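Chains A and B, in that order, give the protein sequences.
Just so it is clear: in the first sequence, position 66 is 66 by the numbering used here, and no numbers are missing.
Numbers given in the numbering used here equal positions in the second sequence, counted from 1, plus 1000.
Treat the hints with care, as some may be off.
Said to hold, decoys possible - Once the Cα atoms are required to be at most 20 Å apart in a straight line, the calculated DMTMM-like pairs of lysine to aspartate or glutamate come out as:
1) A:K78 <-> B:E1059
2) A:K307 <-> A:D359
3) A:K258 <-> B:E1313
4) A:K258 <-> A:D199
5) A:K3 <-> A:D220
6) B:K1242 <-> A:E384
Claimed, not checked - Chain A regions said to be covered by chain B (calculated; three or more residues, Cβ under 8 Å):
7) 16 to 22
8) 110 to 121
9) 128 to 135
10) 187 to 201
11) 245 to 251
12) 259 to 269
What the hints assert, rightly or not - Simulated coverage check for chain B against chain A, where a stretch passes if three residues somewhere in it have a Cβ under 8 Å from a Cβ of chain A:
13) 1046 to 1052
14) 1166 to 1176
Hints were generated in silico from the structure; no laboratory data involved.
Computed from a prediction, not measured in an experiment: that's the story for all the values here.
Built from N, CA and C at the ideal position, the CB exists for glycine as well.
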Amino acid sequence: MSKEPVAVTGIGQTAHAAARRDVSLAGLVREAARRALDDARLEWADIDAVVIGKAPDFFEGVMMPELYLADALGAVGKPMLRVHTAGSVGGSTALVAANLVAARIHRTVLTLAFEKQSESNAMWGLSLPIPFQQPLLAGAGGFFAPHVRAYIRRSGAPDTIGSLVAYKDRRNALKNPYAHLHEHDLTLEQVQASPMLWDPIRYSETCPSSDGACAMILTDRAGAARAPHPPAWVHGGAMRSEPTLFAGKDSVSPQAGKDCAADVYRQAGITDPRREIDAVEMYVPFSWYEPMWLENLGFAAEGEGWKLTESGVTGLDGDLPVNPSGGVLSTNPIGASGMLRFAEAALQVRGQAGDHQIDGARRALGHAYGGGAQFFSMWLVGTEPPPG
Amino acid sequence: MAEIRTAPLVVEFPFTRSLGPVQSAFLTGLRERTVLGVRAGDGRVIVPPAEYDPVTAEEIRDLVEVGSAGTVTTWAWNPAPRRGQPLATPFAWVLVRLDGADTALLHALDVPGPESVHTGLRVRIRWAAERTGAITDIACFTPYDGPGSGAEPAAHSGEFADPVTGITTPARLDYTYAPGRAQSRYLRALAGRKTIGERCPSCRKVYVPPRGACPTCGIATDTQVEVGPRGTVTTYCIVNIKARNLDIEVPYVYAHIALDGAGLALHARIGGISYDEVRMGLRVEPVWTGDGTFPDHYRPTGEPDAPYDSYKELI
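With these hints in hand, go ahead and build the complete structure from the sequences.
Written out as structure tokens, the structure is:
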């Protein structure tokens, strides 16, 4: 029996900010979930199951927050699942939810991911003092910066590329009212002159720390037929994992990322992603990851990704816009960041991305990664239902 | 069997909580010796109040004031209180349904022994002398002779002067950390100034530090192999921001170092050279700590740099 086609009929996100002191954790997730329900014109009773994701519990210090959030998400009397795959969790949470619909286990699923980073400190949460190991690590930036340096060496990219990505994404965020950073006066020169935090990564090439949540309503064909707005259809979705550190790991272009993308393209019938995909929302927490992932995801040959960035191909008016929403570089509630990529891809193919809409976008890729570049999740969504 | 190392690992952080409107009213109320609940869609009064109806999922905001006395619905004796618990002497954990409420609140009951507690016991709040807007504003419950009130709880606006909108909740977890047999062997060897990796019998790669198993082949790595002491910097970054729990002056170089004979790079700090002179391919050797138990950092050996092709597969 073939899979049930999965439609995205509701999308909601919070206003993202450094600190949402006006709401509790419950109030934060509720804001995104309510907007997704309103978009799909559904009520709590219409939801069959809830799938929730967030990054490590240390980020807020609430053990298993899904227990306390069941009321706020209308999950009482329904199945509720928590997914955790580090920074990629927002994407894998959406895929677990989509699979429940595709397998005809549930007809309409609410999926949601969040982080309230202001309640703790992610750098502390990621750099716990492990006995017998010398403390070295200054947060995620220190972990990923050597990989960026290795990319620059391997590709021969000019050292200006990181700043171009950061400037582009921060400009794109000005068109996204939900984005955390709205740096109206930022110039490329300021990005280039911003301090090195973890050389070769500069301050302005680094994601912020945000409070926020994102929610989606996923449903079957019958649900899509009742939806008030055009849905986005899931044409492919996949997850892949690999160890953080192992002999033979390619830290610049991890095999798990390549395999995940290849699986999604096969499901969606994509043979030339550069030509066949109209918009990409990829997980770029440090600006250099745009050219790195362009290669990992098959949009450019190895060593060539930076050329797409440099020539403007990935700009809003380029032929492969990357992160029209402003991306993780402009908004980073870690657990939600992956789902925001998936949701923004869906908004593009629904024609509902507002001022950062890519004209005529019919197929878009949402991408997330997490851990030590070891968890990958991606989906490809389209305007038309999948064939068959 | 050889000794397995252990060490205490304390994870401690002062988390903050934004309360939102309902928890803000509840905790500010405690500061004012007023216990608030919320009326749910089915008429029940929920204490402590919830923001969302547990049955209908609707937002609920109809606050009511309940009594400061109530009835124990169940209990458990705590013979050995631990740090941070409400009382320092043995006490009963109790669920108390306050007069006017339909749900029970968890707290401590101050009684001399378990024979003094029973389900149905009447109790009342003993307020803390200093109250800040926290659940600890209720110091504990004590037995109480008075009758229950049958009165319906009165509506309350939830508004107070100078409301509490956020709290700090320190959390602490105490672990005993044991790195396992493979890493214990590695640490013992380091104390003898040797770096010992373990070879996978299948893929032949040497893991440093060893983990006891090859993550690719999924089989035990039980052959010890001495590697290094010299190695090559495969990549690195220059850290310019100081982490709160790190006692290292910035800038410092955080490097991936492939020790000679190792199948992958380990992570360490580079010293003995200006941070801006470190480069990929730099040849380095360990500098041991004063007590000689492990390498504090790595420094240049003075050898010519390793050619890129010799280490590019290790990046």
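Checked hints:
no. : hint               : result
1   : A:K78 <-> B:E1059  : holds, 18 Å
2   : A:K307 <-> A:D359  : violated, 23 Å
3   : A:K258 <-> B:E1313 : holds, 18 Å
4   : A:K258 <-> A:D199  : violated, 27 Å
5   : A:K3 <-> A:D220    : holds, 10 Å
6   : B:K1242 <-> A:E384 : violated, 50 Å
7   : 16 to 22           : holds (count 4)
8   : 110 to 121         : holds (count 5)
9   : 128 to 135         : holds (count 7)
10  : 187 to 201         : holds (count 7)
11  : 245 to 251         : holds (count 7)
12  : 259 to 269         : violated (count 0)
13  : 1046 to 1052       : holds (count 3)
14  : 1166 to 1176       : holds (count 3)
When each numbered hint is compared with the structure, violations occur for hints 2, 4, 6, 12.
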